[in-house]
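Trainee: Each chain, written out:
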Amino acid sequence: MATVTPEEIRELATLARLSLDDGEVEQFRAQLTDILGYIGTLREVDVSGVPEFLSERQEDSSLREDAPGPQFSSETALSSAPNTRGRLVVVPKFKED
Amino acid sequence: MSSILDWTALELSAAVRAGDVTAADATDAYLRRIQAVEPKINAYLRVAEDEARAVAESVDKRRQAGETLGPLAGVPLALKDIFITEGIETTCGSKILEGWTPPYDGTHASRLRGADSVMLGKVSMDEFAMGSSNENSPHPPVRNPWNTDFVPGGSSGGSVAAVAARTALCTLGTDTGGSIRQPASLCNVVGLKPTYGRVSRHGMIAFASSLDQAGPVTRTVRDAALVLGVIAGQDEMDATTLDAPVEDYLAACDEGVAGLRIGVHRNAMELEGLDEDVRVAFTRSLEQLEELGATLVDVELPHFAHAVATYYILCTAEASSNLARYDGVRYGARVEEPSLLKMYKATREAGFGAEVKRRIMLGTFVLRASSYEEYYGRAMKVRTLIKRDYEAAFSQCDLIASPTSPVPGFRIGERIADPLSMYLSDVFTIGANLAGLPGISIPGGFSSAATPLPIGLQLVGPRLAESRLFSAAAAYEAHTTWHSRVAEI
Amino acid sequence: MPIQDWKPVIGLEIHCQLKTKTKMFTSCGYKAGEDPNTQTDAYTLGLPGTLPRPNQTAIEYGLRLGLALESELHEESRFARKHYFYPDLPKGYQITQSDHPYATGGTVRFPDPTDHGEALTVRLVRIHFEEDAGKNLHLVGDDVSLVDYNRAGAPLLEIVSEPDLRSAAEASAYMRELRTVIRYLDISDANMEEGTMRCDANVSIRRDDDAPYGTRCEIKNLNSFKFLEQAINAEIRRQVDLIEGGGEVIQSTMSYDPGRDQTKVMRTKEEAADYRYFPEPDMPPLEISEAWIDSVRATLPELPHARRERYGALGLSIYDAGVLTAEGALADFFDAVLAAKAPAKKACNWVTVELLGRLNGDQRGIEDSPVSPEHVAELIALIDGGTISGRSAKEVFDKVYAESTSPQAIVERDGYAQVSDAGALDAAIDEVLAAHPKQLAQYAGGKVALKGFFVGQVMKKTRGQANPQMVQELLAAKLPQVSES
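Residue numbers (our numbering), protein chains in the order written: chain E, 1 to 97; chain W, 1 to 489; chain Z, 1 to 485.
These aren't lab readings, by the way, just hints derived from the structure by calculation. Glycine is no exception: its CB is placed at the ideal position from the N, C-alpha and C atoms. Hints are not guaranteed to be accurate.
Unchecked claim - Computed footprint of chain E on chain W; a stretch qualifies when at least three of its residues, placed anywhere within it, have a C-beta under 8 Å from a C-beta of chain E:
hint, region
1, 23 to 34
2, 235 to 248
3, 310 to 316
4, 337 to 349
5, 375 to 383
Starting from the given sequences, assemble the full structure and let the hints guide the process.
Mentor: Encoded structure:
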């Protein structure tokens with residue numbers, strides 16, 4: 001059965017952009033180990049040759065005509081942003097990678 | 001003496017159209033009811049009183065002006081807070097969206113308004129629809145109107161509690177793994193999860209996109225048919241909605257259940273943790289269906305035991321993806337930090353509750369390149385097998401009956417520390433989500449407890465067989481009295 | 001071993017922004033250069049409850065490119081989500097195509113940049129659809145970064161080549177050819193400076209052409225042909241230095257600093273993001289029917305390599321064919337000159353040297369040419385028919401260019417027609433011979449080079465309008481027979 005280490009929990013948390021304190025790391029470690037043990041029971045199922053369940057086909061692939069629809073004014077676009085300057089959204093300074 | 005609160009949506013809308021009662025009076029009656037009982041139930045997150053009164057007045061004016069009103073004329077209803085309502089705060093039961101007022105309207109809100117209903121407000125839910133008890137919420141827990149020490153079920157706990165407490169005549173909920181049907185079962189109301197793609201998902205905040213469906217919560221099967229007729233149908237804003245005609249669901253309610261073959265999955269009745277009262281009630285329900293002319297046939301669902309595991313892989317994976325957009329940049333709450341990474345982490349840490357974080361973590365785990373094949377890829381294949389199981393079963397029967405929930409209910413706080421046991425309360429409902437099938441939960445009995453709790457009967461049909469579900473459910477409802485019991489608050 | 005003995009192996013990933021009216025998955029319009037955050041809608045901003053709706057015209061543009069490059073077009077393809085957190089990525093994931101792109105394989109044929117000899121061929125891995133991100137702005141001295149979402153959701157095609165390129169010059173030539181094809185198809189402005197065409201380059205080196213590929217590094221965001229070549233050469237130098245110095249290349253993502261002319265490591269493979277791809281549940285599979293493909297195929301223009309072959313068969317050099325086909329409009333112009341019955345080589349010369357020279361000098365495009373294809377053909381006919389001399393032809397062409405008037409009209413108006421009337425020319429020659437008895441005597445004495453002098457005098461007398469060939473012939477008959485000794 002898969003055991004999850006605290007390091008893995010921290011890695012996952014960073015990948016998911018969550019900051020867990022030590023208590024949460026331990027709690028999630030224990031719970032995820034449990035849950036992974038449970039969902040690991042799927043290994044018992046013979047899935048050889050079985051296709052993945054994917055979204056169904058739709059008439060004309062639900063394609064949309066290339067015609068402009070309603071747009072937001074910049075005021076509306078920015079109305080809910082927590083931090084703005086002029087017409088731009090503000091985030092902490094970061095380096096492009 | 002019959003009060004306006006006793007009327008079904010079908011009756012009330014007919015009365016409003018006929019001018020026997022005004023939408024304003026109906027709205028007022030419900031607003032007063034909210035004031036009276038809401039402190040004991042906590043179903044509402046927001047009551048939009050002014051907006052509701054304004055809409056009711058305009059509906060009345062249009063009637064006076066001779067206009068023909070829509071099918072939900074004057075019906076006071078509420079929306080789960082997962083539905084986008086332009087100009088009215090929409091939080092999905094999460095701190096991370098606190099204060100967010102959408103600048104657009106979802107398909108559900110606009111179609112319901114177009115049918116001349118009156119929206120009373122937004123009702124409570126498990127955060128991002130993740131939960132079976134309505135306890136995963138930054139808000140006070142919604143209480144079960146039948147026993148306020150008990151949970152109403154979830155995640156559409158507010159939706160069912162409001163209908164059961166008569167603080168809304170009907171509501172919309174959403175169902176990803178049973179989130180309409182399980183709480184409907186726990187609160188003695190009708191809850192329908194339509195076929196995947198029958199109802200638009202545009203304007204419904206995503207939890208697990210391949211499983212989510214919106215559906216009505218009502219007092220009667222006919223009201224569910226009425227509401228579905230309004231919200232169902234192809235929507236150009238949702239590429240997964242089905243191009244299939246919206247049937248006359250109300251007419252289907254008169255078809256009866258005679259001659260239908262009801263499939264029973266006997267193995268499921270051996271399930272560990274299936275409450276004895278639930279077993280008894282279900283057995284009786286089957287007998288009642290037979291009395292109505294249905295025949296019972298045994299069916300097999302060979303992968304039934306793997307459904308919960310499959311579900312939790314898929315729904316957490318999709319949730320981890322769908323919730324990536326809550327980053328404190330464009331909308332919602334934000335915790336300011338000097339670095340971008342810290343801002344993201346602090347914002348999401350503060351904004352999401354424990355269950356949401358747990359699912360994001362699990363979903364992130366199963367989607368990682370190193371575990372994808374073992375978990376996500378495999379679960380997608382088992383999902384195909386589950387869908388095939390249902391297809392095979394429906395070659396032998398017309399509908400499949402089961403209890404909706406393995407237990408009549410549980411106390412607030414009882415299961416919150418044990419997520420896995422909470423996940424197992426979806427055991428009867430998630431099959432329909434995984435296979436994309438319609439399912440309905442209708443009042444089907446009560447427990448033997450001193451304060452009896454409701455027990456739901458679930459019927460699941462083949463793809464797009466909503467009409468057949470309504471036929472059988474309405475026949476059962478007409479033959480029983482469970483649905484007419486009203487919770488005393 | 002010296003750097004030139006190392007063999008570079010290069011593959012390009014090219015993004016090209018489609019010029020549709022609306023974005024890839026939403027009906028929000030998009031044009032580059034508008035004020036920030038003025039071209040958004042609920043989907044663009046990643047608002048909760050919004051869903052993607054694929055743009056039919058974007059798909060059709062993708063089919064045009066797939067057909068033009070002879071890719072295999074798949075009857076069913078799928079969209080997928082690629083996850084990473086970045087301020088300019090509104091949903092926390094980008095919708096792209098991963099396991100099931102709409103097009104795989106295909107080839108791009110282009111002239112060898114070194115000797116204009118044999119055409120080179122680059123094989124493609126795949127072409128797929130995706131949506132663009134917004135733009136992060138980092139102003140110097142500012143303590144925050146800023147985000148503009150206008151571009152978010154703009155439709156992109158990503159074209160991934162096999163590592164078939166063997167030099168920076170080849171990479172650049174391949175990219176130019178792809179740009180030409182894309183412009184011929186009219187599906188994108190494909191302008192690197194404006195960002196409607198962008199490139200990442202995968203570079204590795206090996207000791208000889210048969211050796212297995214070395215470890216590759218990917219240089220990101222090359223936004224001009226110049227930087228593309230410079231960056232690849234810088235990366236080759238870096239890898240050679242590394243290996244020659246006893247080190248090894250570690251698979252990395254690189255950035256290019258044009259100021260230092262150096263590439264530097266942004267992150268190594270170990271630090272690479274885990275994008276957690278999975279199939280997009282919000283959209284059905286993309287189905288492309290044979291009928292749709294056929295209807296798109298019927299609208300395809302003749303492609304640059306086919307045109308180059310056709311021009312080659314008309315006797316044009318590979319270089320000239322390349323110049324004429326670099327822009328669809330120029331080749332169209334040339335074809336129109338041919339259609340007006342002009343001989344290919346002469347037409348090519350007038351178009352590529354005389355016309356393009358003037359247009360380039362005025363910074364005008366062929367679309368704005370004041371000279372029509374018919375004008376060019378007419379001018380060539382006037383020369384070939386002996387109506388005007390080669391020398392006056394250029395003056396006539398200047399006037400055609402300046403006035404956008406037909407050459408015939410200018411020749412008539414300004415008297416450029418040559419005198420080909422033997423009688424008139426006889427008279428002129430007689431006068432010239434009579435006027436220069438001294439030179440005539442010298443000629444008779446054996447100084448035959450003076451024939452040129454007489455021709456010049458006749459031309460002068462006729463103000464340049466004499467048909468020089470006729471003057472030569474008539475003069476030869478009138479001059480004394482001199483035996484060359």
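Trainee: All hints are to be evaluated individually against the structure, with a verdict given for each.
Mentor: Verification of the hints:
no.	hint	result
1	23 to 34	violated (count 0)
2	235 to 248	holds (count 5)
3	310 to 316	holds (count 3)
4	337 to 349	holds (count 12)
5	375 to 383	holds (count 8)
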